[in-house]
Amino acid sequence: MIEAYELTKVFDDFLAVDRVSLSIPAGSVLALLGPNGAGKTTTVRMLTCILAPNSGRATVAGYDIIEQPEQVRAQVGVLTEQHGLYERMKAVEYLDFFGRVYRLEAAERRRRALNLMDRFGLTNALDKRLGEYSKGMKQKLALVRAMLHNPPVLLLDEPTSAMDPHSAKLVRDAIIELQRDERTFLITTHNLTEAQQLADKIAIIRSGRIIASGAFEELARQFVGDPVMELRTAAPFNGLVKDVSDLVMVESSGDDWIRYRTTDPYSINPALLRRVTGLGVDVVTLAPVSQTLEDVYLQVVKEDEGVPANGERSG
Amino acid sequence: MASAAVKTAKTETIRPGVWAQFRWTMSNALIITRREVRDSFRDWRIIAPIVILTFLFPFLAQFVAGQFVNYVTGFGAELIGERTIPFLLMVVGFFPISISLVIALETFVGEKERRSLEPLLSTPLTNTELYIGKTLAAMIPPLVSSFGGMAVYMGSLVFGELGWRPQPMLIVQIVTLTTVQALVMVTGAVVVSSQTTSTRAANLLASFIIIPMTLLIQGESAIMFLAPDAESSSGIGALWAIILGMVVVVTLLLRVGNSIFNREELLGRTIDQLNLKSAARRIWRHVWMVDATGRPARSLAEWYRGGVFASLGRIKTAAWITMAVFLLALAAGFALGQTPEWRLTLVATGSLSETATNLGQYMNISTQLGGFRFILWQNARILLAATLLAMFSFGVAALVLTPAVYVVLGYLLSQVMLSGVDPAFMFAGVLTHGIVEIPVIVIATAAALYLGAVVTKPPKGMTVGQAWMAALGDVIRIGIGVVLPGLVLAAAIEAYITPRVVLLVLGGG
Chain A
1 MIEAYELTKV
11 FDDFLAVDRV
21 SLSIPAGSVL
31 ALLGPNGAGK
41 TTTVRMLTCI
51 LAPNSGRATV
61 AGYDIIEQPE
71 QVRAQVGVLT
81 EQHGLYERMK
91 AVEYLDFFGR
101 VYRLEAAERR
111 RRALNLMDRF
121 GLTNALDKRL
131 GEYSKGMKQK
141 LALVRAMLHN
151 PPVLLLDEPT
161 SAMDPHSAKL
171 VRDAIIELQR
181 DERTFLITTH
191 NLTEAQQLAD
201 KIAIIRSGRI
211 IASGAFEELA
221 RQFVGDPVME
231 LRTAAPFNGL
241 VKDVSDLVMV
251 ESSGDDWIRY
261 RTTDPYSINP
271 ALLRRVTGLG
281 VDVVTLAPVS
291 QTLEDVYLQV
301 VKEDEGVPAN
311 GERSG
Chain B
316 MASAAVKTAK
326 TETIRPGVWA
336 QFRWTMSNAL
346 IITRREVRDS
356 FRDWRIIAPI
366 VILTFLFPFL
376 AQFVAGQFVN
386 YVTGFGAELI
396 GERTIPFLLM
406 VVGFFPISIS
416 LVIALETFVG
426 EKERRSLEPL
436 LSTPLTNTEL
446 YIGKTLAAMI
456 PPLVSSFGGM
466 AVYMGSLVFG
476 ELGWRPQPML
486 IVQIVTLTTV
496 QALVMVTGAV
506 VVSSQTTSTR
516 AANLLASFII
526 IPMTLLIQGE
536 SAIMFLAPDA
546 ESSSGIGALW
556 AIILGMVVVV
566 TLLLRVGNSI
576 FNREELLGRT
586 IDQLNLKSAA
596 RRIWRHVWMV
606 DATGRPARSL
616 AEWYRGGVFA
626 SLGRIKTAAW
636 ITMAVFLLAL
646 AAGFALGQTP
656 EWRLTLVATG
666 SLSETATNLG
676 QYMNISTQLG
686 GFRFILWQNA
696 RILLAATLLA
706 MFSFGVAALV
716 LTPAVYVVLG
726 YLLSQVMLSG
736 VDPAFMFAGV
746 LTHGIVEIPV
756 IVIATAAALY
766 LGAVVTKPPK
776 GMTVGQAWMA
786 ALGDVIRIGI
796 GVVLPGLVLA
806 AAIEAYITPR
816 VVLLVLGGG
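Line by line, the protein sequences give chains A and B. Heads up: the first sequence is residues 1 to 315, going by the working numbering. Heads up: the second sequence is residues 316 to 824, going by the working numbering.
Source of the hints: derived by calculation from the structure; they are not laboratory data. Think of the CB as a built atom: it goes at the ideal place given N, C-alpha and C, for glycine as much as any other residue. Do not take every clue at face value.
Claimed, not checked - Derived DEER-like restraints, expressed as beta-carbon distance ranges:
#, chain 1, residue 1, chain 2, residue 2, range
1, B, PHE523, A, GLY121, 23 to 31 Å
2, A, GLN82, B, VAL459, 26 to 34 Å
3, A, GLY131, B, ALA363, 16 to 24 Å
4, A, GLU294, B, THR632, 55 to 63 Å
5, A, GLY306, B, PRO774, 57 to 65 Å
6, A, ASP118, B, PHE356, 48 to 56 Å
7, A, PRO165, B, ALA363, 43 to 51 Å
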């Protein structure tokens, strides 16, 4: 649904986006992560045909971003970094205005506006001036605006950054539901938990370059290694590390726990359990230590700091 | 459901036919206009002056007109009193349209500042639709107020004590002037807005619009008082000329505005920072580069081949236009000399060889060296002035300043021919060095025209700023590579060879 090949954007002498390639199939979510000023917003703006790339090409929903900008924009719903609402308008007028811009029929405009407002818990604020909205409400309304014309592609810049946990969950649920309905999402966010939860694929951008991309599991394996397992015993047990050293390479340990990496948990874990129980030690838990996107992200960025330009990896 | 919406968008954005396209564009633009106008009317800072200027100020103007007419009549200066009435009509019309500048700055740069522009730019609306929609939105409320105010003022005068019976054409002129002035301010405001990211900076830059407009209004006022054809049923000629000039300015500003009002320009600029060092570096790089990658020339020959000739190729259209204007200027000068009122009564007296002998006395190294310097400086400063003025006039000044010489030349030629003198000496006096000088001046003028006009239509993929800097690089390159050496050569020929050829033709060599 989104195919970008070597998109590059230069502002005067500043290389903002450097040969970024992305592929987001229909019905999937890509989370574009990166530090501030990495080129996330510029990439989104190029895909929305607001900025023209200096080189490279891309298609969104089958339309070329250079040759068919109006068609691309008709297929895309965009939540911008700044919500940019017209503060003197009421929500109902605001959505009606954007509905007209997208050439929706009057009845359809109203129906969709009411449905979406209801979905995001804004029904009671329909007749309020937008200047009176809280930050979170403004963000939800901006999201409603992006979804109003039922676009097949949604580009969301920090979709839940200003929301309370309940509202953020509403938004995440909406994204998951729409994804099931074959909508395609590109989300830029600093919320790594959310990205991990929503995204089928992660791309990390730094200084305008994609420095890593792939599914979370692939990136985790590539950048933070094999899964780490933790075994906890009921009581302190001296010599455990030594007793299992022929089975696993222990990375860290305490009085009543050990951690180790394994590429083959299906054979190693049962063997380890048999060994430990055979030694008369009661096992409380044997579980994987969860790897987070934060670990992956920090590792990727750390590695990139020591890598010269053009050192792109792909997961 | 999604696919239905998608199909709608797909089919409706491509519309065949010019009329259908126009209707589609206007219908989209009016969506913007309606919203903006409604928003403007919600702002008491806009409403208050509009109401005052529409319903209160005209009565004040009418009162002033009545008092002034009575006062000047007491001194037997009824004419001044009579002419004050339409002058105040113009003032009543102008005050509300000055608000259009404020609304335009607010509409364009204000929205940019509040960051509410980006969601709009993400919609399928085209740049032109957004531009038209916002321009209309900035114009409609002030113009409604202006026309309303003028109607109230005229009504109070026609049906009031003074019983004024206006000249219809003068009213048409004032209404037309008011409309084009509003257009100039709004289109100018778009250009100003594009160069800033804050309304504060935009308001400061707006003095570039306000000051010329104020001077224009003063000029128009003087014309209305002093014009000999003030009572003419076809209106005041000078005002028609101003209207025509303003229409040209509006056309050029609309063109610039439409090229500036694009998503790239609007969101590409994030800070109002003038980085002269960086700009100078980029222009300099453009001067010496020989290909699109920006590689500098390694030799003079490569610089000419890859740089200078490429720049000359880019000004080709401007060169054709310049040549046409030069020929027209020459023909116009010649034609002017044929009209009886411009004809000089030259009488061919004395022999040409005698003249030649007299002239020959001045042919020595020191006078010729002085002549060389003078000719070079004279030509260089005219071309420099034309280039500088062209930058601020969309290139028009270049086409006015340099061809003026050719009007004079055509005129002189016609007078010489009319006096019965063989014009061969003139051809010798012009063409000997003109073989070099004329092409060089055409090239320099074309380069100045190109530099001024490039902002009205930047090459695809370039912002206005980038296009202008690239064009300046071309102009400097042509200036160093072609114009300067050409002028030196032409001045040397003109100082050292042309006089001898002329003497030869005159028979004194």
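Do the beta carbons of A/PRO165 and B/ALA363 sit within 43 to 51 Å of each other? holds, 45 Å
That 57 to 65 Å hint for A/GLY306 and B/PRO774 (C-beta), does it hold up? For A/GLY306 and B/PRO774 the Cβ distance comes to about 41 Å; the hint is violated.
The hint says 16 to 24 Å between A/GLY131 and B/ALA363; measuring C-beta to C-beta, is that right? holds, 20 Å
For the range 48 to 56 Å, tell me whether the beta carbons of A/ASP118 and B/PHE356 fit it or not. violated, 31 Å
Can you let me know if the beta-carbon spacing of B/PHE523 and A/GLY121 is within 23 to 31 Å? violated, 49 Å
Look at the Cβ atoms of A/GLU294 and B/THR632 and judge whether their distance stays inside 55 to 63 Å. holds, 58 Å
Verify the CB-CB distance for A/GLN82 and B/VAL459 against the hinted window 26 to 34 Å. holds, 32 Å
Hint compliance for this structure: hints 1, 5 and 6 are not met, and every other hint is.
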